[in-house]
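K.L.:
Spelled out, the chains give:
Protein chains: 2
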Amino acid sequence: MPGEFERIRAIVAGLPPGERVIVGPGDDAAVLRPRAGFDLVVTTDAFVEGRHWWAGATPAAAIGARLAAANLSDVAAMAAEPRWALVSAGAPRDTDAAWMQAVEHAFASALAAEGACVVGGNLASSSGPAWWSITLLGEVERGRAWTRAGARAGDVLAVTGWPGRAAAFLACERAGAEPPPALRAAVHAPPSRVRAARALAAAGGVTAAVDVSDGFAGDLAHLAAASGVGADVESARWPADPLQAAAARALASHAGTSERSAGAIERGFRAAPGDDYELILAVDPARWDAIVDAANAAACPLHAIGRITGVRGECVAVAESGARTPLGGAGWDHFAGA
Amino acid sequence: MPGEFERIRAIVAGLPPGERVIVGPGDDAAVLRPRAGFDLVVTTDAFVEGRHWWAGATPAAAIGARLAAANLSDVAAMAAEPRWALVSAGAPRDTDAAWMQAVEHAFASALAAEGACVVGGNLASSSGPAWWSITLLGEVERGRAWTRAGARAGDVLAVTGWPGRAAAFLACERAGAEPPPALRAAVHAPPSRVRAARALAAAGGVTAAVDVSDGFAGDLAHLAAASGVGADVESARWPADPLQAAAARALASHAGTSERSAGAIERGFRAAPGDDYELILAVDPARWDAIVDAANAAACPLHAIGRITGVRGECVAVAESGARTPLGGAGWDHFAGA
Numbered sequence: 001m002p003g004e005f006e007r008i009r010a011i012v013a014g015l016p017p018g019e020r021v022i023v024g025p026g027d028d029a030a031v032l033r034p035r036a037g038f039d040l041v042v043t044t045d046a047f048v049e050g051r052h053w054w055a056g057a058t059p060a061a062a063i064g065a066r067l068a069a070a071n072l073s074d075v076a077a078m079a080a081e082p083r084w085a086l087v088s089a090g091a092p093r094d095t096d097a098a099w100m101q102a103v104e105h106a107f108a109s110a111l112a113a114e115g116a117c118v119v120g121g122n123l124a125s126s127s128g129p130a131w132w133s134i135t136l137l138g139e140v141e142r143g144r145a146w147t148r149a150g151a152r153a154g155d156v157l158a159v160t161g162w163p164g165r166a167a168a169f170l171a172c173e174r175a176g177a178e179p180p181p182a183l184r185a186a187v188h189a190p191p192s193r194v195r196a197a198r199a200l201a202a203a204g205g206v207t208a209a210v211d212v213s214d215g216f217a218g219d220l221a222h223l224a225a226a227s228g229v230g231a232d233v234e235s236a237r238w239p240a241d242p243l244q245a246a247a248a249r250a251l252a253s254h255a256g257t258s259e260r261s262a263g264a265i266e267r268g269f270r271a272a273p274g275d276d277y278e279l280i281l282a283v284d285p286a287r288w289d290a291i292v293d294a295a296n297a298a299a300c301p302l303h304a305i306g307r308i309t310g311v312r313g314e315c316v317a318v319a320e321s322g323a324r325t326p327l328g329g330a331g332w333d334h335f336a337g338a
Numbered sequence: 001m002p003g004e005f006e007r008i009r010a011i012v013a014g015l016p017p018g019e020r021v022i023v024g025p026g027d028d029a030a031v032l033r034p035r036a037g038f039d040l041v042v043t044t045d046a047f048v049e050g051r052h053w054w055a056g057a058t059p060a061a062a063i064g065a066r067l068a069a070a071n072l073s074d075v076a077a078m079a080a081e082p083r084w085a086l087v088s089a090g091a092p093r094d095t096d097a098a099w100m101q102a103v104e105h106a107f108a109s110a111l112a113a114e115g116a117c118v119v120g121g122n123l124a125s126s127s128g129p130a131w132w133s134i135t136l137l138g139e140v141e142r143g144r145a146w147t148r149a150g151a152r153a154g155d156v157l158a159v160t161g162w163p164g165r166a167a168a169f170l171a172c173e174r175a176g177a178e179p180p181p182a183l184r185a186a187v188h189a190p191p192s193r194v195r196a197a198r199a200l201a202a203a204g205g206v207t208a209a210v211d212v213s214d215g216f217a218g219d220l221a222h223l224a225a226a227s228g229v230g231a232d233v234e235s236a237r238w239p240a241d242p243l244q245a246a247a248a249r250a251l252a253s254h255a256g257t258s259e260r261s262a263g264a265i266e267r268g269f270r271a272a273p274g275d276d277y278e279l280i281l282a283v284d285p286a287r288w289d290a291i292v293d294a295a296n297a298a299a300c301p302l303h304a305i306g307r308i309t310g311v312r313g314e315c316v317a318v319a320e321s322g323a324r325t326p327l328g329g330a331g332w333d334h335f336a337g338a
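Going down the list, the protein sequences come from chains A and B. Take 1 as the starting number for the first sequence in my numbering and just add one per residue. Take 1 as the starting number for the second sequence in my numbering and just add one per residue.
Hints should not be assumed to be uniformly reliable.
In silico contact screen, one side only, chain A against chain B (beta carbon under 10 Å); selected entries [what the hints assert, rightly or not]: (1) E19; (2) V31; (3) L40; (4) W84; (5) L136; (6) G138; (7) L170; (8) P285; (9) A286.
Simulated DEER-style distance windows between Cβ atoms [what the hints assert, rightly or not]: (10) B:S127 / A:R152: 42 to 50 Å; (11) A:A149 / B:R142: 28 to 36 Å; (12) A:A57 / B:A240: 24 to 32 Å; (13) A:R152 / B:G37: 32 to 40 Å; (14) B:A102 / A:P92: 25 to 33 Å; (15) B:H188 / A:P92: 21 to 29 Å; (16) A:G204 / B:R142: 31 to 39 Å; (17) A:N296 / B:H188: 54 to 62 Å; (18) A:G176 / B:P17: 45 to 53 Å; (19) B:H188 / A:P242: 56 to 64 Å; (20) B:A153 / A:A149: 55 to 63 Å; (21) A:R144 / B:H188: 43 to 51 Å.
No wet-lab data here; the hints were simulated from the structure. Given the structure is predicted, the values throughout are model-derived calculations rather than measurements. Ideal Cβ placement from N, Cα and C applies to all residues, glycine included.
Next up, chain A with everything else stripped away, as it sits in the complex (with noise of 0.2 Å):
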């Protein structure tokens, strides 16, 4: 088996160079040279075996593409350009050498494609399930980042993509029902948000920002506590997804109920924990057309769902009938029941 100095080296020869790299992987840490004008936004995200992958069921190129995403994810919700990764890694010392770089070009290629190279790292054997944590350090213009702290009461709520994906794939793999070829391909890359947080940023008139990594309702809670105001979200404008709707009719077919309590399922998705790696997004309503446009120009669904509101802490789901029922799901904790 190669040592682990091999090991570096085998995967540090495969990566991209990056831009204003002065020193990269082989010295006590990397050299690196900001932007003048520019903050730097940083962020670490980890992948646990047994708690975001399973060894032998996912394959090695989504864990990649998935750990990409949690921390591109990230950044994209600071409105900031990725840049320099670092990698830290433990494994057991007989973990196969070609899946560990597997997973590493996948979350290498994944950064590249979004303009962030890999400038270093570290690998430590361990006698447990394998892990991998990135720090992504980012760019955005001086004093320009989003933050979860800026909704103001009648801002437009705005999620970009289909969020309930990710627990829509969950709970079908977890049934032992089949999910939809399209919802596995959509789970296992998720599409990154950089771009467009890039060109709604350059448009002017989001206010707060939060990504959506640990489910739905979770996250708004947090940006809602961040902004000091509540949100009101119309159940009728939630973005309808044919992907979680055949889970949602994957799940009640193998379960041997019937088709109506599909939606019910459907609906469950939008409050269970789940990392879709979306943006959240509070937006002046006097910016929103030029928000909308900037979204299509980045190819980005963007879909207004709701209100943010003056009630500080309330996130509401809001019925056609009127009716108001507090927004279910407390996000996925990793220390909840212990």
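Since the structure of chain A is already known, use the hints to place chain B on it.
P.N.:
Same frame as chain A, now just chain B:
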């Protein structure tokens, strides 16, 4: 047991605030403001239970202090000032929250003592051994980072402190011999060489640097390879360390062997793998006196132990008799023999 977000809040609440942190922990990412005219230095190092520490045997404060040292040492080896850290951790759900906080406060304090603050992190549950990974960002005057690659034949070869202590401590623990208390203290809270490195960089004359994180012989070989040089280490100039000598005597006595064998045991520490977090430096001989003055002013023990040679890749121990022996020890390899 506290949940993920509660745990994160508890950890963050105890942290000192940071300089030029525009958005701190609690958003999708942190936002930092790098100084104009500086390059960014970035490194990542992880500690894994059962590899870098042993449950019940290593105090939480030592785990945290050594993890901080591993990262600080990389930044020191680039002549940079540590600024901002991100923390990624994985642990079983039933992990004692107070123990995790003790580890995290220990590394946060050690980082704070050198001017760095924790600006973000991620906490994941895992079914396996606990791990922490830190990514540390530092700043160095543009174009002034030390690397492993600049050593030239004729340069003075120097080390800070007394490499071998980590190996000596580990040898005692493995053999079940009681390590000298002062050795335990030195290994459990390694001194930082950040301030010394900054002072030496200001003095000028360091041509290459590497930190001792795998073992003296292995890390010197990395520097030699990167610089395309060799090194003669004069055995007689190796700094005498009372703590390693005491450890060797304890081991010899524990094994019931003679005092004479203690000498051989002690010499073995230099070649053994070990993470001492000291610096190996190549220094322009014309600047040596100024470097010594700077080290003294920074209260950093610095020892000239030999010369850089033009014999590419050949690192040799030179005895007083003139006998030349290839420097043993390949350094620690997490995946060796796998």
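K.L.:
Next step is simple, just say for each hint if it's right about the structure.
P.N.:
Against the structure, the hints:
1. Proximity of E19 of chain A to chain B is violated relative to the hint, the smallest CB-CB distance being about 13 Å (cut-off 10 Å).
2. A hinted interface residue such as V31 of chain A counts as satisfied when its beta carbon comes closer than 10 Å to some beta carbon of chain B; here the least separation is about 5 Å, so the hint holds.
3. A least Cβ separation of about 4 Å between L40 of chain A and chain B falls short of the 10 Å threshold, and the interface hint therefore holds.
4. For the restraint placing W84 of chain A at the interface with chain B, the shortest Cβ-Cβ distance is roughly 7 Å, inside the 10 Å limit, so the hint holds.
5. Here the hint on L136 of chain A is kept, as its CB sits about 8 Å from the closest CB of chain B, short of 10 Å.
6. Annotation: G138 of chain A was flagged as interfacial toward chain B, and the flag holds, the nearest CB pair being 7 Å apart, inside 10 Å.
7. Evaluation of the L170 of chain A hint against chain B yields a violated restraint, the C-beta minimum of about 16 Å exceeding 10 Å.
8. With a cut of 10 Å, the hint placing P285 of chain A at the interface with chain B is violated, because the nearest CB-to-CB distance is about 23 Å.
9. With 10 Å as the threshold, the beta carbon of A286 of chain A stays out of range of chain B, its nearest partner Cβ sitting at about 25 Å, so the hint is violated.
10. Hint check: S127 of chain B to R152 of chain A, Cβ distance near 43 Å, so the stated range 42 to 50 Å holds.
11. Taking 28 to 36 Å as the suggested C-beta distance range, the pair A149 of chain A and R142 of chain B conforms, at roughly 33 Å.
12. Hint check: A57 of chain A to A240 of chain B, Cβ distance near 57 Å, so the stated range 24 to 32 Å is violated.
13. For R152 of chain A and G37 of chain B, the hinted distance range of 32 to 40 Å is satisfied, since their beta carbons lie about 38 Å from each other.
14. Checked against the given bound of 25 to 33 Å, the beta carbons of A102 of chain B and P92 of chain A, roughly 27 Å apart, stay inside it.
15. Hint check: H188 of chain B to P92 of chain A, Cβ distance near 27 Å, so the stated range 21 to 29 Å holds.
16. A C-beta distance of roughly 33 Å is found between G204 of chain A and R142 of chain B, which places it inside the suggested range of 31 to 39 Å.
17. The beta-carbon spacing between N296 of chain A and H188 of chain B, approximately 59 Å, falls within the hinted interval of 54 to 62 Å.
18. About 50 Å separates the C-beta atoms of G176 of chain A and P17 of chain B, a value consistent with the hinted range of 45 to 53 Å.
19. The hinted range of 56 to 64 Å is satisfied by H188 of chain B and P242 of chain A, whose Cβ atoms lie roughly 59 Å apart.
20. At roughly 57 Å, the beta carbons of A153 of chain B and A149 of chain A sit within the given window of 55 to 63 Å.
21. The given range of 43 to 51 Å is respected by R144 of chain A and H188 of chain B, whose C-beta atoms sit roughly 44 Å from each other.
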